[in-house]
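S.K.: If you want the building blocks of each chain, they are given just below.
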Amino acid sequence: MLVPTMAVLIVNNYLPMFGVFIAFKNINYIDGILGSPWVGFDNFAFLFNSGSIWRITRNTVGYSLAFMVFNTVLSVAIAVAINELRGRLAKTYQTFLIMPYFLSMIVVGYLAYAFLNADKGFLNSAFLGWFGIDPISWYSEKEYWPYILILVNAWKNVGIGAVIYIAAIAGIDHEYYEAALIDGASKAKQILHITLPLIQPIIVIMTILSMGSVFNTDFGLFYQVPMDSGALYPVTDTVDTYVYRVLMELNDIGMSSAAALAQSVLGFILVLLTNSAVRRINPEQALF
Amino acid sequence: MNVTSIRRENTVSPIANALLNAMFLLLALACVLPVLLVVIVSFTHNDALVNDGYRFFPTKLSWIAYESLFKDYSTLARAYVISIGITVVGTGLSVILMALYAYPISRQDYPFRTFFTFFLFFTMLFNGGVVSKYIVFTQALGLLDSYSALLLPLLIIPFNVIIMRTFFQATIHPALIESARIDGAGEFRIFFRIVLPLSLPVLATMALLGTIVFWNDWFNSLLFIRTEEKYPLQYLMLRVLNDVQYLRSNVQLAAQNPELMSNLPDESLQMAFAVVCMGPILLVYPFFQKYFVKGLTVGAVKG
Numbered sequence: 001m002l003v004p005t006m007a008v009l010i011v012n013n014y015l016p017m018f019g020v021f022i023a024f025k026n027i028n029y030i031d032g033i034l035g036s037p038w039v040g041f042d043n044f045a046f047l048f049n050s051g052s053i054w055r056i057t058r059n060t061v062g063y064s065l066a067f068m069v070f071n072t073v074l075s076v077a078i079a080v081a082i083n084e085l086r087g088r089l090a091k092t093y094q095t096f097l098i099m100p101y102f103l104s105m106i107v108v109g110y111l112a113y114a115f116l117n118a119d120k121g122f123l124n125s126a127f128l129g130w131f132g133i134d135p136i137s138w139y140s141e142k143e144y145w146p147y148i149l150i151l152v153n154a155w156k157n158v159g160i161g162a163v164i165y166i167a168a169i170a171g172i173d174h175e176y177y178e179a180a181l182i183d184g185a186s187k188a189k190q191i192l193h194i195t196l197p198l199i200q201p202i203i204v205i206m207t208i209l210s211m212g213s214v215f216n217t218d219f220g221l222f223y224q225v226p227m228d229s230g231a232l233y234p235v236t237d238t239v240d241t242y243v244y245r246v247l248m249e250l251n252d253i254g255m256s257s258a259a260a261l262a263q264s265v266l267g268f269i270l271v272l273l274t275n276s277a278v279r280r281i282n283p284e285q286a287l288f
Numbered sequence: 001m002n003v004t005s006i007r008r009e010n011t012v013s014p015i016a017n018a019l020l021n022a023m024f025l026l027l028a029l030a031c032v033l034p035v036l037l038v039v040i041v042s043f044t045h046n047d048a049l050v051n052d053g054y055r056f057f058p059t060k061l062s063w064i065a066y067e068s069l070f071k072d073y074s075t076l077a078r079a080y081v082i083s084i085g086i087t088v089v090g091t092g093l094s095v096i097l098m099a100l101y102a103y104p105i106s107r108q109d110y111p112f113r114t115f116f117t118f119f120l121f122f123t124m125l126f127n128g129g130v131v132s133k134y135i136v137f138t139q140a141l142g143l144l145d146s147y148s149a150l151l152l153p154l155l156i157i158p159f160n161v162i163i164m165r166t167f168f169q170a171t172i173h174p175a176l177i178e179s180a181r182i183d184g185a186g187e188f189r190i191f192f193r194i195v196l197p198l199s200l201p202v203l204a205t206m207a208l209l210g211t212i213v214f215w216n217d218w219f220n221s222l223l224f225i226r227t228e229e230k231y232p233l234q235y236l237m238l239r240v241l242n243d244v245q246y247l248r249s250n251v252q253l254a255a256q257n258p259e260l261m262s263n264l265p266d267e268s269l270q271m272a273f274a275v276v277c278m279g280p281i282l283l284v285y286p287f288f289q290k291y292f293v294k295g296l297t298v299g300a301v302k303g
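Respectively, the protein sequence lines represent chains A and Z. In terms of this note's numbering, the first sequence opens at residue 1 and continues consecutively. In terms of this note's numbering, the second sequence opens at residue 1 and continues consecutively.
These are computed hints drawn from the structure, not numbers from a lab. The C-beta atom is built at its ideal place from N, Cα and C for all residues, glycine as well. Accuracy of the hints is not assured; some may be wrong.
[To be verified] Cross-link-like lysine-lysine pairs, in silico, DSS-like; alpha carbons within 25 angstroms at most:
(1) A/Lys187 x A/Lys120
(2) Z/Lys294 x A/Lys91
(3) Z/Lys71 x Z/Lys290
(4) A/Lys120 x Z/Lys60
(5) Z/Lys71 x Z/Lys60
(6) A/Lys91 x Z/Lys71
(7) A/Lys120 x A/Lys91
[Unchecked claim] Examples of chain Z residues lying across from chain A (beta carbon under 7 angstroms, computed):
(8) Val38
(9) Arg55
(10) Thr59
(11) Leu97
(12) Leu100
(13) Tyr101
(14) Gly128
(15) Ile135
(16) Leu238
(17) Leu241
[To be verified] Covered, in the sense of this in silico footprint (three residues per stretch, anywhere, with C-beta under 8 angstroms from a C-beta of chain Z), are these stretches of chain A:
(18) 47-59
(19) 70-78
(20) 143-150
(21) 155-169
(22) 191-199
(23) 250-258
Kindly produce the complete structure, drawing on both the sequences and the hints.
M.R.: In structure tokens, the structure reads:
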């Protein structure tokens, strides 16, 4: 029973793991992959000397942390608020809120383009005009992009994040609230002292899971939404887009594989660290 | 006081409720408006686009973008066929393979379950990275420009296998398997005749998740697909957005009727294309939402 899936795992996951030795080689097509000479850490030295390492690391980690904090706060807030709604509208709102999750980043790229397009986009042609602001050429001015990216990412993912917390809140025993009511606790107090503490384990688990991917970014968000615009690289270039560009456009296998390996190793260490930190605080909440 | 009256009493005040509703209405609008803008632009006449830009209330409407898209639909239709094919094959294979793996490691009496669980779990912790995968796929396996390269990376989602395992552990009682074995059923018979039919909810959820993943994937096409005839839908969309002329050159209308073509705004054409591509998933997702939410929460709550 296990055999077919083992085969897929080996080909898709384990072979590339052994393939990481590429990062220590100077690949040339005459000698082939196995025959190419070993160069030790030369590829990593090139990576560090190229100057982009600081930029891509800062962007990757910075955006990941910003997304994590911003999305978690918004998702929990929405879940708590939707739980307090009266009537049947809550389900309808939920349907709208998770809609963006089902769209691919390509579609999101189109949606962003409809707003940001320099001469015809909605923001420049209409919205900014209402406030008497001059048009902005969005795809070449980098100072706006951190906000745009955080906003787009939240737009796409907050709804689905909220769904998980809504389910967690639905699982809370009603007796807690009844007891609180008898003790005369206000709605705000109930949220603060019952709802939030009881969904806290879920928040911790979701945070551990996202901590592990702090060095990974949503390639589509950083590649397709800014339309791969060179002027924006200082604020949109992450490890994933960098690796892709160096591999596919510059064809530099050595440097891109060094960056990719560094990303995997750092991610691996980070998962272990977060998990052991959580285990020290509260063993029951650790993943393994 | 009985329970229902307590619950009724324990709600927010009408004013707070109205405020919350207003807030959610705004949030819902924020989710829908970008999609609406794209739809409206696709129907906007060239004159209105040139004069006013993209508007939610255009001054002049036109069908021309859709007319030209559908007049030469071969590129679009081919991409649709490829995407549907990959999604159907990929989802089917993915669900079967994941169930086949999840079931043995869910059984308490299976001696190697710890090893195989770890074998799966380790892939969540560490991966070789894109470059290594690219080299292995193209050089060692020769999958460049092959549809297998689009299927393989997405077949097994370790986290979903863990969810399935948890589901099997929770719903399939060991006594049930034991009694089937006493009745003379083999392992495969037990799996296909007892375990799978009892697990339809989780299988449906996984199928749904798989459908979305395969349908929306384009990164693997970006890496591995070179021939234009093999572009799946999402990748075709990427090309169209990044290169306006690409779509124009694929719409044969230009050769037949240059005058019509000069009136055809690139933007409407792009946006009409986007609408045609995202339409299906937008129409379908509300119906599957329930199962999808159920699946997500099984995974998260049981963690």
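S.K.: It remains to establish, for every hint, whether it holds in the given structure.
M.R.: Hints, one by one, checked against the model:
1. A/Lys187 x A/Lys120: Distance of about 47 angstroms is beyond 25 angstroms: violated.
2. Z/Lys294 x A/Lys91: holds (14 angstroms)
3. Z/Lys71 x Z/Lys290: violated (38 angstroms)
4. A/Lys120 x Z/Lys60: Holds: A/Lys120 and Z/Lys60 sit about 15 angstroms apart, inside 25 angstroms.
5. Z/Lys71 x Z/Lys60: Holds. Z/Lys71 to Z/Lys60 sits at ~22 angstroms (cutoff 25 angstroms).
6. A/Lys91 x Z/Lys71: Outside the cut-off at roughly 40 angstroms; violated.
7. A/Lys120 x A/Lys91: It is violated: about 36 angstroms lies between the C-alpha atoms, which goes past 25 angstroms.
8. Val38: Since chain A brings a Cβ to about 5 angstroms from Z/Val38, closer than 7 angstroms, the hint holds.
9. Arg55: holds (6 angstroms)
10. Thr59: Interface hint status for Z/Thr59: violated (12 angstroms vs cutoff 7 angstroms).
11. Leu97: Holds: closest Cβ of chain A sits about 5 angstroms from Z/Leu97, inside 7 angstroms.
12. Leu100: holds (5 angstroms)
13. Tyr101: holds (4 angstroms)
14. Gly128: Status holds, d = 3 angstroms.
15. Ile135: Since the shortest Cβ distance to chain A is 6 angstroms, the answer is holds.
16. Leu238: holds (5 angstroms)
17. Leu241: holds (6 angstroms)
18. 47-59: This one is violated; 0 residues, fewer than the three required, reach chain Z with a Cβ under 8 angstroms.
19. 70-78: violated (count 1)
20. 143-150: With 0 residues closer than 8 angstroms to chain Z, the stretch 143-150 of chain A misses the three-residue bar; violated.
21. 155-169: holds (count 7)
22. 191-199: violated (count 0)
23. 250-258: holds (count 3)
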